[in-house]
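Q: Listed below are the residues making up each chain.
Protein chains: 2
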Amino acid sequence: MTRDDIFNQIKIKESFLCVGLDTDIHKIPAHLLKTDDPIFEFNKCIIDATVDYCIAYKPNLAFYEAMGPSGLESLEKTVEYIPDDLFVIADAKRGDIGNTSAMYAKAFFERMEFDAVTVSPYMGHDSILPFFEYNGKWVIVLALTSNAGSSDFQHLDIAGDHEDFFDIEEMELFEIVIKKCITWGTPDNLMFVVGATKPTYISQIRKLAKEHFFLVPGVGEQGGDLKEVAAYGMNDKCGLIVNSSRSIIYASNGNDFAVAALNAAKKLQEEMASLLQVHA
Amino acid sequence: MTRDDIFNQIKIKESFLCVGLDTDIHKIPAHLLKTDDPIFEFNKCIIDATVDYCIAYKPNLAFYEAMGPSGLESLEKTVEYIPDDLFVIADAKRGDIGNTSAMYAKAFFERMEFDAVTVSPYMGHDSILPFFEYNGKWVIVLALTSNAGSSDFQHLDIAGDHEDFFDIEEMELFEIVIKKCITWGTPDNLMFVVGATKPTYISQIRKLAKEHFFLVPGVGEQGGDLKEVAAYGMNDKCGLIVNSSRSIIYASNGNDFAVAALNAAKKLQEEMASLLQVHA
Numbered sequence: 002m003t004r005d006d007i008f009n010q011i012k013i014k015e016s017f018l019c020v021g022l023d024t025d026i027h028k029i030p031a032h033l034l035k036t037d038d039p040i041f042e043f044n045k046c047i048i049d050a051t052v053d054y055c056i057a058y059k060p061n062l063a064f065y066e067a068m069g070p071s072g073l074e075s076l077e078k079t080v081e082y083i084p085d086d087l088f089v090i091a092d093a094k095r096g097d098i099g100n101t102s103a104m105y106a107k108a109f110f111e112r113m114e115f116d117a118v119t120v121s122p123y124m125g126h127d128s129i130l131p132f133f134e135y136n137g138k139w140v141i142v143l144a145l146t147s148n149a150g151s152s153d154f155q156h157l158d159i160a161g162d163h164e165d166f167f168d169i170e171e172m173e174l175f176e177i178v179i180k181k182c183i184t185w186g187t188p189d190n191l192m193f194v195v196g197a198t199k200p201t202y203i204s205q206i207r208k209l210a211k212e213h214f215f216l217v218p219g220v221g222e223q224g225g226d227l228k229e230v231a232a233y234g235m236n237d238k239c240g241l242i243v244n245s246s247r248s249i250i251y252a253s254n255g256n257d258f259a260v261a262a263l264n265a266a267k268k269l270q271e272e273m274a275s276l277l278q279v280h281a
Numbered sequence: 002m003t004r005d006d007i008f009n010q011i012k013i014k015e016s017f018l019c020v021g022l023d024t025d026i027h028k029i030p031a032h033l034l035k036t037d038d039p040i041f042e043f044n045k046c047i048i049d050a051t052v053d054y055c056i057a058y059k060p061n062l063a064f065y066e067a068m069g070p071s072g073l074e075s076l077e078k079t080v081e082y083i084p085d086d087l088f089v090i091a092d093a094k095r096g097d098i099g100n101t102s103a104m105y106a107k108a109f110f111e112r113m114e115f116d117a118v119t120v121s122p123y124m125g126h127d128s129i130l131p132f133f134e135y136n137g138k139w140v141i142v143l144a145l146t147s148n149a150g151s152s153d154f155q156h157l158d159i160a161g162d163h164e165d166f167f168d169i170e171e172m173e174l175f176e177i178v179i180k181k182c183i184t185w186g187t188p189d190n191l192m193f194v195v196g197a198t199k200p201t202y203i204s205q206i207r208k209l210a211k212e213h214f215f216l217v218p219g220v221g222e223q224g225g226d227l228k229e230v231a232a233y234g235m236n237d238k239c240g241l242i243v244n245s246s247r248s249i250i251y252a253s254n255g256n257d258f259a260v261a262a263l264n265a266a267k268k269l270q271e272e273m274a275s276l277l278q279v280h281a
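One line per chain: the protein sequences are A and B, in this order.
Note that the first sequence covers residues 2 to 281 in the numbering used here.
Note that the second sequence covers residues 2 to 281 in the numbering used here.
These are calculated hints, taken from the structure and not from any lab test.
Be a bit skeptical, because a hint or two may be false.
As the list claims (entries may be wrong) - Straight-line C-alpha distance at most 30 Å; calculated DSS-like pairs for lysine-lysine:
no.	chain 1	residue 1	chain 2	residue 2
1	A	78	B	199
2	A	35	B	35
3	B	181	A	199
4	A	78	B	28
5	A	28	B	138
6	A	181	B	180
7	B	107	A	78
8	A	181	B	199
9	B	12	B	35
10	A	28	B	107
11	A	107	B	267
12	A	78	B	35
13	A	267	A	181
14	B	35	B	14
15	A	28	B	28
16	B	211	B	78
17	B	78	B	45
18	B	180	A	107
19	A	180	A	28
20	B	181	A	181
21	B	45	B	267
22	A	107	B	45
23	A	180	B	199
24	B	180	A	138
25	A	199	A	107
26	A	199	B	180
27	B	199	B	267
28	A	180	B	12
29	A	107	B	107
Unchecked claim - Partial list, computed: chain A residues near chain B (C-beta under 7 Å):
no.	residue
30	3
31	39
32	52
33	53
34	81
35	82
36	84
37	87
38	125
39	146
40	156
Glycine included, each C-beta is placed from N, C-alpha and C at the ideal position.
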């Protein structure tokens, strides 16, 4: 999927919403547990309910791996069920030595037909480059995450002036990550995870990566504010994919869960439509 | 498994060898492809051949995920097949926000009965702490890896004096990772990945983490030297688990692959036996 394909979807749907499919067998409505594949049935209902209001889906691998081989089957069926014009992200946060990252790329881009995979940068270039080998596929590198632990390492000040490599003197780790990754990929195959918990950081990161899409978690359940995210982060091709998981998929745990998910997604889509008019 | 259990195995086997089960369907002997589960059959033969010469096995998840649900089945059967007194590591390099890392912990420690999982530190404490919730299980944090990309971020100099938190002034990122992680776990549930490509770093890291076990990749196929690793890294409970993958499991790709693996593992075990006599 190209950057223009994604932007076209955003214009058609008037939405830059990603629905996170963090499907937990212990949280889905009881009546689904009687079906052959409750995880897939739940996802199918959620997708049917939200597909008009979002442009992307993001299953988190942890939730499927916790179910063993049958969890991976539910995941494969889910990815297959999502219409082709939506962007499908494997939230996997992988990263390993070159030949092993190549196997992960194979798992997500060949075996399953994801459009993108999230990658942790700690192991450096050869852990990321194999994912770029697939035309039309995307790497989404963790830059600044939205969790409490993001302050442990991502905000460390990096010593030395970085003018040999960059044109900035003082940098934190997440900024170095962005600056280096930009030299390995392009705005057409590389995005960054940028948490929404401190929206001013989004404008700081936008200066480093003007054209790249940001995948923004943390709106809703983790306290981020959608208006601020748009104000600080939007570029002329939107440049934002904002994820919401629990506040949509678990909007209700009763028989009305799909309607509740539809309403939660629709509400976000409407807010996004007006933000797109203001900023894009 | 306790630290003493691991050390006892090391003394009994006179070995601190871990065999990496990076099993690739395209690299295993042709005659196994006719069996129902070639990946498991290969692993079973490798385990039977090497079990007397090693104390740990380390399947890398990427190789199993690339095969889809059946790959996970092969993995589960493999973990089940390994005798209980050996240490079994899920080389997964996971790490996500707290509730998601908890799902990964569930996948590796409840669903499958791994003794340890490798974790990437980029997302900080709440991405690592959930793995410590399991008694007798281990977290192995990536500190200094053995790949080319390790220099991109792990060796960055961190600015400021770190005396408020540590007692050292100048530190690189991998040292901060070690110093912080040591405050989250103990030598009885926390190990570090320490690459063998530059053994002098191992002695530098040993000063920071005197009692912790190090999982050392990069001996053999990636150019590390076993004698130097032992000289720089061994402590009074050995403190080292040295991994070898390809040079053992792909020692031959013919019908004699198991014998070749046995010989490769035995050769390393004999070298390790004499190093244990010198240093431990």
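Q: Now, for every hint given, state plainly whether the structure supports it.
A: Okay, the hints, checked on the actual structure:
Restraint check for residue 78 of chain A and residue 199 of chain B: the C-alpha separation of about 45 Å exceeds 30 Å, so the hint is violated. Between the alpha carbons of residue 35 of chain A and residue 35 of chain B the distance comes to roughly 37 Å, so the proposed pair goes past 30 Å and is violated. Taken as a hint, the residue 181 of chain B and residue 199 of chain A pair is honoured in the structure, with Cα atoms around 23 Å apart against an allowance of 30 Å. Between the alpha carbons of residue 78 of chain A and residue 28 of chain B the distance comes to roughly 29 Å, so the proposed pair stays at or under 30 Å and holds.
Proximity of residue 28 of chain A to residue 138 of chain B is assessed by CA-CA distance (about 26 Å); at most 30 Å being required, the pair is judged to hold. A distance of roughly 25 Å separates the Cα atoms of residue 181 of chain A and residue 180 of chain B; the hinted pair therefore holds under the 30 Å criterion. The hinted pair formed by residue 107 of chain B and residue 78 of chain A meets the criterion: a straight-line CA distance of about 22 Å does not exceed 30 Å. With a CA separation close to 23 Å, the supplied pair residue 181 of chain A and residue 199 of chain B stays within the 30 Å bound.
Between residue 12 of chain B and residue 35 of chain B the CA atoms are separated by roughly 39 Å; this puts the pair beyond 30 Å, and the hint is violated. Distance hint between residue 28 of chain A and residue 107 of chain B is fulfilled; the C-alpha atoms sit about 16 Å from each other, no more than 30 Å. Between residue 107 of chain A and residue 267 of chain B, the direct Cα distance comes to roughly 33 Å. Violation of the 30 Å bound is thereby established for this hinted pair. Of the pairs offered as hints, the one joining residue 78 of chain A and residue 35 of chain B holds, with about 28 Å between alpha carbons and a cut-off of 30 Å not exceeded.
Distance check on the hinted pair: residue 267 of chain A and residue 181 of chain A sit about 37 Å apart at the alpha-carbon level, beyond 30 Å; violated. Between the alpha carbons of residue 35 of chain B and residue 14 of chain B the distance comes to roughly 34 Å, so the proposed pair goes past 30 Å and is violated. Of the pairs offered as hints, the one joining residue 28 of chain A and residue 28 of chain B is violated, with about 41 Å between alpha carbons and a cut-off of 30 Å exceeded. Of the supplied pair hints, the one linking residue 211 of chain B and residue 78 of chain B is violated, its CA atoms being roughly 36 Å apart against a limit of 30 Å.
Between the alpha carbons of residue 78 of chain B and residue 45 of chain B the distance comes to roughly 9 Å, so the proposed pair stays at or under 30 Å and holds. For the given pair, residue 180 of chain B sits about 35 Å from residue 107 of chain A by alpha-carbon distance, which is inconsistent with the 30 Å threshold. Taking the CA atoms of residue 180 of chain A and residue 28 of chain A, the gap is near 40 Å; set against the 30 Å cutoff, the hint is violated. Of the pairs offered as hints, the one joining residue 181 of chain B and residue 181 of chain A holds, with about 25 Å between alpha carbons and a cut-off of 30 Å not exceeded.
A threshold of 30 Å between alpha carbons decides the hint, and for residue 45 of chain B with residue 267 of chain B the separation of about 17 Å falls inside it, so the pair holds. Annotation: proposed proximity of residue 107 of chain A to residue 45 of chain B holds, straight-line Cα distance about 25 Å (limit 30 Å). Taken as a hint, the residue 180 of chain A and residue 199 of chain B pair is honoured in the structure, with Cα atoms around 27 Å apart against an allowance of 30 Å. Between residue 180 of chain B and residue 138 of chain A the alpha-carbon distance is near 37 Å, which puts this suggested pair outside the 30 Å criterion.
For a cut-off of 30 Å, the pair hint linking residue 199 of chain A to residue 107 of chain A is broken: about 35 Å separates their Cα positions. With a C-alpha separation of about 27 Å, the suggested pairing of residue 199 of chain A with residue 180 of chain B holds against the 30 Å cut-off. Taken as a hint, the residue 199 of chain B and residue 267 of chain B pair is honoured in the structure, with Cα atoms around 25 Å apart against an allowance of 30 Å. At roughly 48 Å between alpha-carbon atoms, residue 180 of chain A and residue 12 of chain B are farther apart than 30 Å, so this suggested pair is violated.
Pair hint residue 107 of chain A plus residue 107 of chain B holds up; C-alpha atoms about 25 Å apart against a cutoff of 30 Å. Nearest Cβ of chain B to the Cβ of residue 3 of chain A: about 26 Å, over the 7 Å cut. The hint is violated. Interface restraint check: residue 39 of chain A against chain B, minimum CB-CB distance 16 Å, threshold 7 Å, status violated. With its C-beta approaching chain B no nearer than about 24 Å, residue 52 of chain A sits outside the 7 Å limit, and its interface hint is violated.
Annotation: interface hint on residue 53 of chain A violated; nearest CB of chain B at approximately 27 Å, more than 7 Å. Hint on residue 81 of chain A is violated. Least Cβ distance to chain B is approximately 12 Å, over the 7 Å limit. Of the supplied interface hints, the one on residue 82 of chain A is violated, with its beta-carbon coming no nearer than about 16 Å to a beta-carbon of chain B, more than 7 Å. About 22 Å separates the beta-carbon of residue 84 of chain A from the nearest beta-carbon of chain B, more than 7 Å, and the hint is not met.
Nearest Cβ of chain B to the Cβ of residue 87 of chain A: about 22 Å, over the 7 Å cut. The hint is violated. Annotation: residue 125 of chain A was flagged as interfacial toward chain B, and the flag holds, the nearest CB pair being 2 Å apart, inside 7 Å. Satisfaction of the interface hint for residue 146 of chain A is found here, the shortest Cβ-Cβ separation to chain B being roughly 5 Å, below the 7 Å cut-off. For the restraint placing residue 156 of chain A at the interface with chain B, the shortest Cβ-Cβ distance is roughly 10 Å, beyond the 7 Å limit, so the hint is violated.
Against the hints set out earlier in the document, violations occur for numbers 1, 2, 9, 11, 13, 14, 15, 16, 18, 19, 24, 25, 28, 30, 31, 32, 33, 34, 35, 36, 37 and 40.
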